[in-house]
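Visitor: Produce the complete structure using the sequences and hints provided.
Below are the chains, spelled out letter by letter.
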Amino acid sequence: MVYLRQIESRIDQGIGRRRLGYIVLGLIILFFLWFPNDTSQSNYAKTVFISGFFYAIMSSSWALLAGIAGQFSFGHMAFMGIGAYVAGLIARDGIMFATLGIAITPESFSAIGSIIIGTLVAGLVGLVIGWLLLRLRAAYLALFTIAFSELFRIMMLTEYDYTGGSNGLSLRPLLQIADVDTARQVEYYLMFALLIVCLLVMHWVANSPIGLFLRAMREDEDAASALGVNVVRYKILIFVFTSMIVGLAGAIFYSDVGSERIIPEQLEVLQMSLIIAYAVIGGMESLIGAAAGAFISRYMLEAMREVVISLPFGLTTADGGDAFVWETGAWRFALFGVVMVFTLRYMRNGLLYPFITWFSGRDLAMKETVSKRDGDGDDIVEPMGADDE
Amino acid sequence: MVIQDTLFVLWLMVAGPLWAVLGLFVLPNVNRGRKNEDLIPDTTLKIAGVIGGFALGPVGLGLFYFEPLLIRRTTLTIGVVLTVFVSSQVMVRVVDPHFPSAIWLFLAGPLWAALAAYFIPRHYRDEEADDQNVLTAAALGGFAIGPLIFGLMWKTTPKINRDWMIILGSLGAWQIYLLFAIQNPTNPCVQAPFSVTYLTQQTANGVVIGCIYSLMAVGLTLIYSVQGIVSFAHGQLYMVGGYFSFYFLLHAGNLLSELTGTEVQVNPIWGIPVAAVIVFLMGAIFERIFLKPMHDGLIERISEYAILITFGFGFVIEYTTLAVAGPFPQRTDRFIEIRRFTLERAQITDDFAFGPINIIGDRAFAMVVGIILIFALLYFLQRTWTGRALRATSQDRQAAAVTGINPTNMNTLSFGMGSMLAAMSGAALIPIFAWVPWVGAEMVGRSYVIVVLGGLGSVPGALVGGIVVGIVEALGAGCHPDPSRGAAYKEAFALVIFALVLLLKPTGLFGREQH
Numbered sequence: 001m002v003y004l005r006q007i008e009s010r011i012d013q014g015i016g017r018r019r020l021g022y023i024v025l026g027l028i029i030l031f032f033l034w035f036p037n038d039t040s041q042s043n044y045a046k047t048v049f050i051s052g053f054f055y056a057i058m059s060s061s062w063a064l065l066a067g068i069a070g071q072f073s074f075g076h077m078a079f080m081g082i083g084a085y086v087a088g089l090i091a092r093d094g095i096m097f098a099t100l101g102i103a104i105t106p107e108s109f110s111a112i113g114s115i116i117i118g119t120l121v122a123g124l125v126g127l128v129i130g131w132l133l134l135r136l137r138a139a140y141l142a143l144f145t146i147a148f149s150e151l152f153r154i155m156m157l158t159e160y161d162y163t164g165g166s167n168g169l170s171l172r173p174l175l176q177i178a179d180v181d182t183a184r185q186v187e188y189y190l191m192f193a194l195l196i197v198c199l200l201v202m203h204w205v206a207n208s209p210i211g212l213f214l215r216a217m218r219e220d221e222d223a224a225s226a227l228g229v230n231v232v233r234y235k236i237l238i239f240v241f242t243s244m245i246v247g248l249a250g251a252i253f254y255s256d257v258g259s260e261r262i263i264p265e266q267l268e269v270l271q272m273s274l275i276i277a278y279a280v281i282g283g284m285e286s287l288i289g290a291a292a293g294a295f296i297s298r299y300m301l302e303a304m305r306e307v308v309i310s311l312p313f314g315l316t317t318a319d320g321g322d323a324f325v326w327e328t329g330a331w332r333f334a335l336f337g338v339v340m341v342f343t344l345r346y347m348r349n350g351l352l353y354p355f356i357t358w359f360s361g362r363d364l365a366m367k368e369t370v371s372k373r374d375g376d377g378d379d380i381v382e383p384m385g386a387d388d389e
Numbered sequence: 001m002v003i004q005d006t007l008f009v010l011w012l013m014v015a016g017p018l019w020a021v022l023g024l025f026v027l028p029n030v031n032r033g034r035k036n037e038d039l040i041p042d043t044t045l046k047i048a049g050v051i052g053g054f055a056l057g058p059v060g061l062g063l064f065y066f067e068p069l070l071i072r073r074t075t076l077t078i079g080v081v082l083t084v085f086v087s088s089q090v091m092v093r094v095v096d097p098h099f100p101s102a103i104w105l106f107l108a109g110p111l112w113a114a115l116a117a118y119f120i121p122r123h124y125r126d127e128e129a130d131d132q133n134v135l136t137a138a139a140l141g142g143f144a145i146g147p148l149i150f151g152l153m154w155k156t157t158p159k160i161n162r163d164w165m166i167i168l169g170s171l172g173a174w175q176i177y178l179l180f181a182i183q184n185p186t187n188p189c190v191q192a193p194f195s196v197t198y199l200t201q202q203t204a205n206g207v208v209i210g211c212i213y214s215l216m217a218v219g220l221t222l223i224y225s226v227q228g229i230v231s232f233a234h235g236q237l238y239m240v241g242g243y244f245s246f247y248f249l250l251h252a253g254n255l256l257s258e259l260t261g262t263e264v265q266v267n268p269i270w271g272i273p274v275a276a277v278i279v280f281l282m283g284a285i286f287e288r289i290f291l292k293p294m295h296d297g298l299i300e301r302i303s304e305y306a307i308l309i310t311f312g313f314g315f316v317i318e319y320t321t322l323a324v325a326g327p328f329p330q331r332t333d334r335f336i337e338i339r340r341f342t343l344e345r346a347q348i349t350d351d352f353a354f355g356p357i358n359i360i361g362d363r364a365f366a367m368v369v370g371i372i373l374i375f376a377l378l379y380f381l382q383r384t385w386t387g388r389a390l391r392a393t394s395q396d397r398q399a400a401a402v403t404g405i406n407p408t409n410m411n412t413l414s415f416g417m418g419s420m421l422a423a424m425s426g427a428a429l430i431p432i433f434a435w436v437p438w439v440g441a442e443m444v445g446r447s448y449v450i451v452v453l454g455g456l457g458s459v460p461g462a463l464v465g466g467i468v469v470g471i472v473e474a475l476g477a478g479c480h481p482d483p484s485r486g487a488a489y490k491e492a493f494a495l496v497i498f499a500l501v502l503l504l505k506p507t508g509l510f511g512r513e514q515h
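Sequences listed follow chains A and B, in order.
Under this note's numbering, the first residue of the first sequence is numbered 1, with each subsequent residue one higher.
Under this note's numbering, the first residue of the second sequence is numbered 1, with each subsequent residue one higher.
Just so you know, these hints were derived from the structure itself, not from any lab.
Hints may contain errors.
Here are the simulated DMTMM-like pairs of lysine to aspartate or glutamate, each with C-alpha atoms no more than 20 Å apart in a straight line [claimed, not checked]:
#1 B/K292 <-> B/D396
#2 B/K292 <-> B/D333
#3 B/K490 <-> A/E219
#4 B/K46 <-> B/E67
#5 B/K490 <-> A/E265
#6 B/K505 <-> B/D42
#7 B/K490 <-> A/E327
#8 B/K155 <-> B/D131
#9 B/K159 <-> B/D131
Take a look, some chain A residues computed to stay more than 10 Å from chain B by CB distance [unchecked claim]:
#10 S51
#11 L89
#12 S108
#13 L136
#14 Y162
#15 V229
#16 F313
#17 A323
#18 F336
Here chain A is said to cover these stretches of chain B; the calculated rule only asks that three of the stretch's residues, wherever they fall, bring their Cβ under 8 Å from a Cβ of chain A [unchecked claim]:
#19 297 to 310
#20 318 to 332
#21 414 to 426
The C-beta atom is built at its ideal place from N, Cα and C for all residues, glycine as well.
Guide: Written out as structure tokens, the structure reads:
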């Protein structure tokens, strides 16, 4: 501990924590940029990473909506599905308004065009639902979106003439690449770039005046309203914004090279609960925390598919093996849920919060303020202590 | 089991009047033990007793006895429903099936509704009249009677009470029915010789399943009324209740078979109390560990915390169940040997027959269980000290604490009981539905619709809401032109109610006004 303290004080005097944080972040980004060039990695690992990026977008946008704006929606997966399905259907069938005599053939849409339309439709549905529900108490949004996403899933399952039912719908490929290895690589960079762009945009929104309004509303809606913030309008704005982000992410994720199909199972409440759990574990009030939480949890869940415990000292199991092999199945998710519940109870800001605050130097400022207030300089206040007050 | 049609006629002739007479004498007892200002006029009670007894039999009497507030509305509803039903039957026979203005009807309803909903509340505000419920009434009225609603509400700006709502709502429902009949004349719901029987059959199915929906929704509403939070683990508790019942029956059956040496089947009814006890404990322990800190002021932004923590609880339950039980559908034995109860076809006039109506035996049994449990709960809430303490806590925590009620215990009790009710409905339905670990998700959406429709925190609201949602789902599924789609979209019909309630009256039918 003493050495740690010494290193900490050196850093505080020297390069500064924030700068160190940027360096670490840069290294992480460099690692991700380098990763697909590592020839020893299989395509499977890249696939895990790609879905990790996708879930990082989902979780961080949910964190923006729930953690920063305080609006609890369980409809994130449904909006993702709207984006993907609309993009896929438009690219396949075009648009027909028989009564108005409008018919646009599918050929007139490029893959990008259909993705944009999918995103806009997701935003539009978000607008209607937001307008209907965001005037009411927080619980109503949660109640309605949970029912809505279930309905959307059933719709996609039932209308199999259009959506392909449980076989899923394949979207028009964004890129036509024949070679599987190159395709994975391009897909990887595409998803990573999308994640970075989404994070930057959301970070900008969260730190803009709108983000401040949203935080103020989350803390005390009446007070914010009394200070002249048009509460409902900003809530709807952020709801539409996050709906569009997940719609875009869904449309791109499922149309990257055309190997993935969007299936209704993906829209289940269980999948939604995974996203929420990622965000909670990573830290709901920090976009980067939620994104990192999603990526790490995703990786851990993937790695825990089969737990192998090697026995030391040449011991063997009853049937002669030298390791216990445990097919974790659904248990890993159950365990994951337990972690989520305890995180919520005892570390409200997520398991990554200590790292983020340490690098941001926020706890330093907090310590200073508290010690000034208490009138002595001893660092008796723990960084996490402020969290519980 | 088949009830002969003579028996059926006998039942109609004897049972209705019998219950009516009983109601006439029993219901005035409601006034016993009430304070002077709460007294309900004897005549009202007597009329309610007669009508309730005649139309709903013991159910109606029990309902009125424990919830006298329902008397007025329920009698009115029965009257309006009967009138609308009979008149729509007449209309369907009279109107030409290829009525060309069907499209007009369809477009005009929402149009007038939007216009009325926009202008009438503004007019009320200008006139400084009481504008409570005006938005709802205007929208309903615009939909039901078009421009006439302006004539009704513009000049005199009448105060809108529930009677207005019921009448306008029924008119709107009638119009939808009419439109449906015109558009789709071959549908079994409107086809002349069968429609009465078919609709009654569907309605009966809806009521039967609605009672169990109610049981589950009452649990949700109980938690909300005491703690002010919505339990997002409710669907999973329902699911796990079914599984506890299943495993108990399996092991108890095996054990008894071993002991006695013969094949023994345990009746699934024994699974209900077992699931109830286990899930009550689960809920209570969860409440103590994770929700109690919320009320102790240890957690900031409690409404968000409550949503997430209950959701996380459900998450853990669902995946643990999946790990233990696997994704295979399970089902227990039946409650009773009788496959179905049948009301035989009754030839009333030469060209009008009624029946046969079938109700699946197990569903009927589950309904009876549901009704008994709900009345037991109402008795508990109204007549026992603990129940009264629970209600007192839900009305005013501080005042309740001053009178010596421990709010912490009441919180635990309410969460435990709410969870228990979900588990009981799960255990009551596992003999009927195929049970997989994700059945909860479907069911819980429905109970959210019910509690919002009935008003969050209102027990009678949950009762009525459950039955309404059951009926709407059954009618929607049964009357959809494409039967397979109709069945799949069952929940969609409930969701339409959800959206309408949120749009028109977010406090629900019986809810307290939102602050």
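Visitor: Checked against the structure, which of the hints given earlier come out wrong?
Guide: Result: hints 2, 3, 6, 7, 13, 18 and 21 break, sorted rising.
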